[in-house]
Amino acid sequence: MRRNLMIFGRVRSIRNGSLYLLRNPINGVENNVKPFFFYRLLCLDFLILDKIYTFHVWTRTKEIKSTKIVPTGSSLFCAAPETLSVIPSVSDASSISLLPSKSNIALKYEKKMTKLLQENKYFNIIEVYNEMKSMGIPLTVELYDIIFQSMVKIRQPGVATMIHTLLDTYKSMLEQQLTPNLSIYSTLILALCVREEEVYSQLQTLNNKISRGLPNNLQLQERLNSLRKENNLDMACEIFKASVSVRFQPYSPNVFSELMRICALVGKTDELLMIYQQIVNHNIIPSPRVFISLIRGFSMHKDVKSMVECFNEYKTFAPKMEPHDKYDVYCALIDGYFRSSRSYAAISFFEKLAAQKNAYIPYKVFKIIVFGLSLNGDYLTAKSWIDRMIKDENLPNPTPSCVIPVISSAIKANDLDVAVSLFDYTSSIGSIKPFGRVVFEFIHLCLKHGKNDYANDILNRVSVEGIRPDEMTTQTIALAMISNGNIDSSLQLYKTCLKLNVQHFGSTRYIRRGFTLVGVSLMEELKKRNLLDFKSCLKIITNVYDTAFHIPYPMLLYVLKFYFMEKKMSVEAWRANLKSWDPFILSLSLRVLCFSVKQDRGSYAHKVFPELIRDIISENIAVIPGSAMAVSDTLEILGEKVLSVEWEKYTQKYKPHESFAIDGVPEVSRYQKLRPLSIDLMRDWNQVKNHPRIDFSTSQKILNDSICHNKTDDYSALVHEIHVTYRKGKDITPEAYCRLLERLGKEKKLDLVNDLYKFAKESISKNFTGDTGLCYLGFCLNSMIIAQIYSSQMDAAKKYQRELLELGFSPSASVFATYIINLKNSEPSQDADDAINIYREAKSYNVEFTTYFYNALLSKLCRAEKLHEALEIFSEMKKNNIIPNSITYGTLINACCKIGNEELANDLFVEMENSPRYYARVAPYNIMMQFYVHTKKNRQMALKYYNKLCNQVLAPSPHTYKLLIDCWTVIDPPDIDKALQVLTDMTKNSVSITTRHYGAIIYAKGCILRDLKDARQYFDSITKRNFKPVIPDHTLYQALIDAYVTNYSMKNIPKLLSLMKDNNILLNADIANILIRGWMQEGQIKKAREVFDSLDLQTNSVSKREPSNYIAMIQAYLSVKDITSAKAILKEMRTYSPSLSDISHAESLFKK
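Using full-length UniProt numbering, read the sequence shown as starting at 1 and increasing by one per residue.
I should point out that these hints are in silico values taken from the structure, not numbers from a laboratory. Hints should not be assumed to be uniformly reliable.
Unchecked claim - Below are the SDA-like pairs computed for lysine to any residue, each with C-alpha atoms no more than 20 angstroms apart in a straight line:
1) 988 - 361
2) 495 - 430
3) 112 - 137
4) 898 - 922
5) 153 - 181
6) 948 - 995
7) 241 - 207
8) 878 - 867
9) 1013 - 1057
10) 561 - 532
11) 978 - 958
12) 766 - 725
13) 364 - 759
14) 798 - 840
15) 229 - 283
16) 539 - 516
17) 1151 - 1134
18) 495 - 532
19) 315 - 350
20) 539 - 575
21) 948 - 1010
22) 451 - 420
23) 948 - 902
24) 1131 - 1102
25) 653 - 608
26) 320 - 309
27) 761 - 799
28) 241 - 277
29) 364 - 799
30) 1024 - 996
31) 948 - 430
32) 948 - 361
33) 108 - 152
34) 761 - 777
35) 748 - 759
36) 1087 - 1108
37) 1051 - 1010
Computed from a predicted model, the values in this text were never measured in an experiment.
All chains should be built: construct the whole structure from the sequences, respecting the hints.
Shown next, in the form of structure tokens:
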């Protein structure tokens, strides 16, 4: 027996603690508990006579541990100087133990966390983890695995905080002497690799900006030092080494490849070799990516010998690998030669490839050669390769991504002629979007050489194509324009670049701060050249406001200084200047000044603010009520009591009059000017940031996209956390309240909405005063309207809307967009009419419409096929300078395609591509492809739009590939080989092939080519193959059943339906229609009716009966002249189908 114990025993876990012994068993009397000794608990599993026995052995230790455990329900006695034995009790499971192998509490939490993980409630898992820590409940390896996965899921990209938390948790796990499992190691390594790549990218971006003139201030240095101190990859490699010592099954290929890729990125060759050795030790066939990483890693050190050795090793393993593209590895070697300054070796290797019999050199090889030559500064040789590719018909044509590195190299060499010739070629074959920052370097080169008109033409195209320059690029080009005397072009460039960034990123603090610095530098340069005055300053900040809804204080100072400077010079000029100050811009400027005066009492604004107010009063300049209130508060703070009283009297005439309602709808007096929330709440971020009662961690959690986009369902826990924060004397930001109110409304959590709104009102009244508090309250009311609409509480929404109007604010465009989106009439035409009424109501409040609002309105009009009205709204949108986006155009183009207006659809598409706000998306291209594939049956035009999509450097979507398959099959003449090639292309481009794609092939073979045998063989080949068989679903069975019906082979249908049933696939409406059609063809109407009756009337069922099923059954009865039965189906349809258009269609069948 002892020998068996020695052979089959294993240590499962080790824990430390202090063992206490009760002298007198009196509960709650602490003095009667004395430490007996400090112990180590060994959990031992033994296999005895085919049964596993668990022993817990307590061993004496010399260490003093902080954890205190009092075992109960067991007797202890001394068996040896260093060991305590246990009097065991044998359980039904034939195990012997002092304590259960896993505590009931830990098991309970493990089940809870597993359930939360399945529901994707990652934040809740972290809360449970913190709860367990606070209660001192020990965690198991399985629990830690769930916790690590959750931390990775909620990690915000680009932020290091969660990585630190991950490592701290890992350290805590090791301190408990728990051994991580393979999943934990994999999660940690991949997370650290992702962060290492982020750090690498951020460092490159910052260094590039510094090289282009970004001020290298203390804050930037701290940022750089912080990034450089992160040792994420070192930690990943250490964890990998630690895991190697534990005998696990090998890592997945993805972990090996990703860790090696990141090591190659930073040139850690020792680590690369160590990882590769582990792959070999586990008898794993390395993937091509492994060798690509090895070659790239050694190329970082220009170690050509090791690169070649790795390549030779690859050739040894290549025959054993899964099918792959060998040219990926060849390109890595060529690239390595160039990075090692061995251009001749790269060219020599290429020539060997070209000399092979029947050699086909793919485009990627030419591209890497051109890139390598450009990288080494040999742009003239690179250009000769480009010329060769253009002239030789047997070679692939160079794309923009191939030519751009050559242009960049020519720019660095100050060679304008080569850069211009290559740019002209590239811009002639497609979009210049792939140029990115290089296009601005090219513009700068043109300006340096005095080619102003050429540079302006390129800038116009940049604006049209929506290429976004950063703030440093904008500053460089704008200053170059000023140097050339192009002042107007410089200011127009500043406005355009700011607009492009705001359109893409939003008016964020980062964008505002960066472009404020650019604006200040431009104004300072103009000032040095005596080209700046009050009107030009005012024009600049007005442009900034029109673009970014923001008036920057540093730029406003220039306006003030020139205002008072010119006031001293001429009274007439001063009066003209003050009157030229738009009342709205002036009012917002006053708000900015009020805030700045409060922040810095010794500032220039503090000195001149009272004088500016006196000027406004003396010249009777109109002001907005909200800013009037802010000025009153500021004058009180400054001690200007007389001026404050005078200002109060002056602003009485601008205060809102009382509104009065007609038929329950508030009407705005023509004398009252409501403030638009979307503009008037200029987020005083500094005021919120410095507030002592704001809890930013909780606020950020709410604002985090993972919460606001369906990544949690337990919103009650989130609101509870706000309650806890509130009880601690802290609060969250008003913006967080607003975002969460809207999100809870979308989830129809009305009770939580109402609770949260009470907290929001109390928070705002407690933390903010004056006009700022009023604005924040307005925004909360605005969010409440949206929440009530989403919760279908229209009366409550109108109530909060009246409160908002009484507060002096008009609802935002988002409110009216939400009204439109939530219209749920049975008929699209009724939705369209209601949407127009909402649009008119919004206009009555002078709401500033947005692209989002117009898109919602156009969507309802287009769905009802009211194209004329939609085009009128679209025209108004452009007149109001609301720039349409790709969604706007996609909606209109789709409507044109639905009604068959080909010419207008194409015109709108061209207009979309030339739109200044155009940001290429796949959807509009798919719409046009679908139109030409399924409606017009024009393969040439469908392929034209596919090629246009590819030229935009967009990745085709899975739906694009589905349309491409249809393009080669449903349009005559069908070409099944080209359709199958699409699947091959998807695999090469790492796009998942779904059952929709396979179903399209089955449909083509069975229904278009009428080859039922081939269709069935293809179905069987993909569902029964050994490597990753396709799991059949509704889509595949629908295609196959359609093939049988089309080929009049209904005798095999029962077998197919039985196979579906075995696979738990229920009959749905689409398959039912095909079967009804098939039995109708056979004249077996009884069987068609059986299919119809098998469908469910329940609305939430997979087998739900649709209006199309009624229509199909009516057609079946009419085909055998059974008018009575057909009318009975129509009568039933009227009962269950709310769609008047479908009923109208069914009625029309009787007239044929």
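Which numbered hints does this structure break? 2, 6, 7, 13, 15, 21, 24, 25, 29, 32 and 33
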